[in-house]
Amino acid sequence: MSEVDVSHATGDVEVARPSHTLANGEPRIFVEDSRALPLVSIAIALRSGASSDPVGKEGLTRVMVRMLRRGCRGMSSHEFEETVDLLGAEISADVSSSVITLHADVITRSLDRVVDLLATMMAEPTFDEVEIGKLLRETQGEIVEARDSDRSLATRHFRRLVFEGHAYGRRVGGTIPTVLGLTQADVRAHHAHHFKRGNIAIAFAGDVREARAAELAERLLAALPKGRPVPSEIASPERHGKRRLVFVDKPERTQTQILLGEVGSHPRDADHIALHVATTIFGGTFTSRMMRAIRSERGWSYGAYARLPYDKERDAFSMWTFPAAKDAAACIALELELLQAWREKGISARELAFAKRYLVRSHAFDIDTPQKRVHQRLDVDLFDLPADYHDKYIDHVQAVTLDEANESTRRRVSSDDLVVSVVGTHAEIGEAVATAVPGLAKVEVVAYDAE
Amino acid sequence: MTQTEPTTKETGRANQRRAEILRELNAGKPSTARLEHEGSIPLGPAMLVQKYRLGNGLTVLTSIDASAPVVSYHTWFAVGSRHEQAGKTGLAHLFEHLMFNETENHPAGSFDRTLEEAGAESNAATWVDWTFYHESIPRDRVGLVIELEAERMSKLVLREPQVTSEKEVVANERRYRVDDDVEGAVSELLYKTAYTTHAYSWPTIGWMADIEGFTTEDCAHFYRTYYAPNNATVVVVGDFRERDLLSKIQKAYGGLESAEIPVEDAKPEPPQSEERRLSVKKPTATDKLAIAYHGPAFGDVDHVPLTVLCEVLFSGRSSRAHRTLVQQDEIATELRGWVSTFRDPGLFEIYATARPGRTSAELLVALDREIARVVAEPITLTELEKVKAKVELALVQSLETASGKAEQIGFYHTVLGDPSGAFSRLDAYRRTTRSDLLRVARRYLVAQRRTLIEVHPETGSDERG
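Same order as they appear, the protein sequences are chains G and H. This note's numbering numbers the first residue of the first sequence as 764 and each following residue consecutively. This note's numbering numbers the first residue of the second sequence as 269 and each following residue consecutively.
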C-alpha cells in the first residue's frame, strides 16, 4: 500500500506501511538477547492509544490502562503491588495518542512469575468500581497538580493549537469533567476493544533467549481473545496556514516557557531524514544555531532546542526556550529571525558535513543496550516506519545532499504557519510578546488553571 | 576502605603483566607522570575495577566492558558547594559551566564542537560534595576525550565576556529550577532552615545575588584552588585496551603539577533541639508539605537502615504512606521520601502534595501517624524483603550502560573512597534487620529535630474544575 502525501501537497510518495501481524494473525515478537546482566526487560505494546477515546470521554484509555494494576483475578490492588515489589520487578504503563505500552523490568530469577502476573493483569482485570472511583479522584488531583509545571502548560496549549481538530491535540490524560464522568462500563468495554492478540506486539531484551521468549510471549497472551489490530483513527494532521499565539497567563513568573512550531514530518516522508539532518544543525545539539545565538552569545536561556519527533503520523516540529521574562519578547523575535534565515538561506556544506559526522558517530549510543535495540525494532512496527529506517539509518544520513537538506527545510518549515505558546505573566509581558510576533491571525490568552 | 581482589594464579599472572606494562610506560618519565597500580577491586560478581595513581596524585579507575563499542569517561573533582563561602554561593556550579569554554589550545566553542563531531555525548553535574564531567564516545575516539579533559584541567582561559554570559545562563537555570518551581523553591527553603551552620544550608546553584556578583577573578581563584590532578579521579568504563588507555592518560596528564588543596573550613551542624516550622504562600492550586529530619552521613552505618525505612514508608504504591494518604484517606496526590546521600550528615526528606481542598495540616497528622508506627513497632518481614528486592533491581538497572557503571564507580569513590561501594551497600541492605530499622527510627525520626515547611495557595485552594 502506498499513500500520496496530500496535506503538504508536495507530491512525494510515502513508503508502504508494513503488516502488523504474522500471516496467521498472531502478534510479532522481537527479542534482543544479552547475558551481560541478570535483567530482562519486557515491553507489551498495543497499536492503539488515547486517540480512541470517545469525544467527551477523554482520558478513558489512560484510566483503563492504570486500572490494570489495581486488581486482577485473585489479587487486590495492594496484593498486586506487593507481589511486584517482592519479585524484584518494576511494572509501568505509558499511554500516548497512538500506542499503549506496558513495560516490565525484572531480575531474571523472577521472570516466570512476572510473566504470569502480566498475563493475569492484561486478561483478567477486576475493574472494581470502588477502585475506579479512587483512581478518577486521584487523576483529578494529578490534573490540578500538573498546573505547577510551566513546561507542561506550554506543551499542552502548543499541541492543542498545532493539532487543532486532530487526535494529537486532545489531552491523553483527559480533563477533570471528562475523567470524572467515566464509568465502570466504559472501562470494561474499552479494555475489551483494545486487548486482543492481534493488536499487540511484544519485545524482550536482556537475559532471555529467543526460543524462551517465544514461549513466554505465548503465556503472556494465552488468555487474551484473538482479533485483528484496532484500526488507526489517526488521520494525517493538516497545517492551518497562519500565525497563532497562545499566552498562558500565570502569576509571578520570573521566566517564560516558549514553544514555537508546526506540523513536522514522518519517516515515511521521502525527505524526513534530510529534514532531520537540517534540524540537527538548527537546534539539535549543544553547538546548534539556536544554542549559540540564544545561550552562548546572549545567555538568554539555559536551553534552546529544536525537535522533530515522529509518531504514527507527522508529529510537531518545535523550538523550545525558557528565557527570563524581561528577555521573552526579544528571544521570540530572535527565534523567528533564526527560523527565517534557516528557511531562506539553508545550511552550509560545512554544517551538513558536521551534522552527518555527529549523527553517524553518535548512533553508537542509540544501540548500546539490548533494550534500545529492541525498541528500535518495535518502533518500526508501531509507528509504521519504513522497514529499514533504523537498520539503514547511517546510510540514509550519509546520503543526504545539501540540496535535499535545504529543500526539505523550505518545504516543511514555514515561518508563517506557526504556533507560538508562551507561559508567563500576561500583565507584565503580554503586549511585548504579541508585538514580537508580526502577522498574528489569532491571539488567545488563557488562565493557567483553566480546564 | 576498598576491598582488593584475593590473589589467585590467574590474577597473579594478570598482575605480572600489568607490572611489566607499567615498567615500560614509566621508563624515563618524570615523577609526576609515573603510574602506580594500587589494586584490583571486584565490582560485583563479574566485573573488576583497576585502580591506578599518577605521580601528581591523579587517581585513575578503569573497568573493561566490551558489551558495546563505546567508552564512558568521567572526571570527578572533590569540590562542591560545601567548599564555598557565604556571599560566594553557587561558584562551584558556575565554574562547572565555564569549564566548557576556551582553553589555551582550543578557542571558545570548540570543546563541545569537537566532541559532537566525534559523536560524543557530554555533560556535567555539581552537587554539595562533588563536581563531575562525563563523556561517552565511540571507542576509537577515546584519545580525543583524554586530550580535551587534561587540557581543561590546567589550561582553561577565563575571559570577562564568557563569565558574564554564563552568569546569565545560570541565573536562567535558577529561575527554571527554583524561582518559578514550587518544589524547587520549597526544597531550598527546607535546607536553609534545617541547617544553621553547615554549608549544606545554601543551594548548590547559589543565591541569585551571589550569582550576579561573581567576578572573573572569583572564578580564576576557584580554578587555581580546586582543579588539580590530586583533587580529581578519572573513571573509564567501556571497550578499550588497558595499555593504550594508560599510555594516553599518562601522556596527557603526566605533565600536570599537583596543588595544595586547602583544608576545608568545616562547620559541623549543631544538634537541633526544637522543631522549626515555616509557612509560605505560592502561586499553586494545592497545599504542600515538606519535612526534614536530621539524618546520618552517607557512610554512616545507620544510613542503609534509614533508607530502608524511607522505602517502606514512601516507595511506590505498596508503601505505607502511599496506601494511607493517597489510596485510603485520599488526602494526598503525591508523596516522596529521600535520605540525602551526602558525605556529612544529611536529611531525611519528605514531600507531600495535598488533594484539592485538603490541607497541609491533614497531611501532617497522617504522616505523623505513620512515623509514630515505625517508631513504636517493627516493620513486617515482607516489607523488609520487598525493599531488598527493589534495591537489587535498581542496582542492576544502573549498570546497564558504560556510563551508568562509571557513575556508580565515580560517585562511591568520591564520597566514600570505595569504587565498589554500590555492591558493598547492597550487602549492607541484605544484612539489615528489623531491629536496625527500629533503632534508626527512634534515633532520627524525632519531632524536635525536624523542620516543616507548609505551602498554601496564594488565592486559597478553591481550584477551578
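Check the hints yourself; a few may be wrong.
Unchecked claim - Lysine to any residue pairs mimicking SDA-like chemistry, simulated, CA-CA at most 25 Å apart:
#1 1135/G x 392/H
#2 1119/G x 550/H
#3 1089/G x 337/H
#4 1135/G x 595/H
#5 550/H x 905/G
#6 550/H x 915/G
#7 897/G x 337/H
#8 549/H x 914/G
#9 1135/G x 407/H
#10 1155/G x 407/H
#11 356/H x 1205/G
#12 550/H x 1190/G
#13 820/G x 857/G
#14 656/H x 853/G
#15 356/H x 1061/G
#16 550/H x 1214/G
#17 1135/G x 591/H
#18 820/G x 595/H
#19 1135/G x 1157/G
#20 897/G x 591/H
Keep in mind that the hints were calculated from the coordinates and are not lab data.
Quiz prompt | Proposed proximity, residue 1157/G with residue 1135/G (alpha carbon, max 25 Å) | solution = With a Cα-Cα distance of about 16 Å, the restraint between residue 1135/G and residue 1157/G holds, given a limit of 25 Å.
Quiz item: Regarding the pair residue 1089/G and residue 337/H, is the alpha-carbon distance no greater than 25 Å?
Solution: Not OK: residue 1089/G and residue 337/H at ~46 Å, beyond 25 Å, violated.
Self-check item: Holds or violated: residue 1135/G to residue 407/H, with C-alpha atoms at most 25 Å apart
Solution: Holds, at roughly 19 Å.
Practice problem: Would you mind confirming whether the straight-line C-alpha gap from residue 820/G to residue 857/G stays at or under 25 Å? | Solution: Holds - the C-alpha atoms of residue 857/G and residue 820/G are around 18 Å apart, at most 25 Å.
Quiz item: residue 1135/G and residue 595/H: Cα distance at most 25 Å?
Solution: The given pair, whose Cα atoms are some 35 Å apart, is violated under the 25 Å limit.
Quiz item: Can the restraint linking residue 550/H and residue 1190/G be considered satisfied, given a maximum Cα separation of 25 Å?
Solution: holds (18 Å)
Exercise. Decide if the proposed pair is consistent with the structure: residue 550/H and residue 1214/G, CA atoms, cutoff 25 Å inclusive.
Key: holds (20 Å)
Quiz item: When you check the alpha-carbon spacing of residue 897/G and residue 337/H, does it fall within 25 Å?
Solution: With Cα atoms ~48 Å apart, residue 897/G and residue 337/H exceed 25 Å; violated.
Self-check item: 25 Å Cα cutoff - pair residue 550/H, residue 905/G
Solution: Roughly 18 Å between the alpha carbons, so the hint for residue 550/H and residue 905/G holds.
Practice problem: Mind checking the alpha carbons of residue 356/H and residue 1061/G for me, to see if they're no more than 25 Å apart? | Solution: Distance of about 23 Å is within 25 Å: holds.
Self-check item: Pair hint outcome, residue 1155/G versus residue 407/H [Cα-Cα no greater than 25 Å]
Solution: holds (21 Å)
Quiz item: Does residue 591/H lie within 25 Å of residue 1135/G when you go C-alpha to C-alpha?
Solution: At roughly 34 Å apart (the allowed maximum being 25 Å), residue 591/H and residue 1135/G break the hint.
Consistency note: the structure conflicts with the earlier hints numbered 2, 3, 4, 7, 11 and 17.
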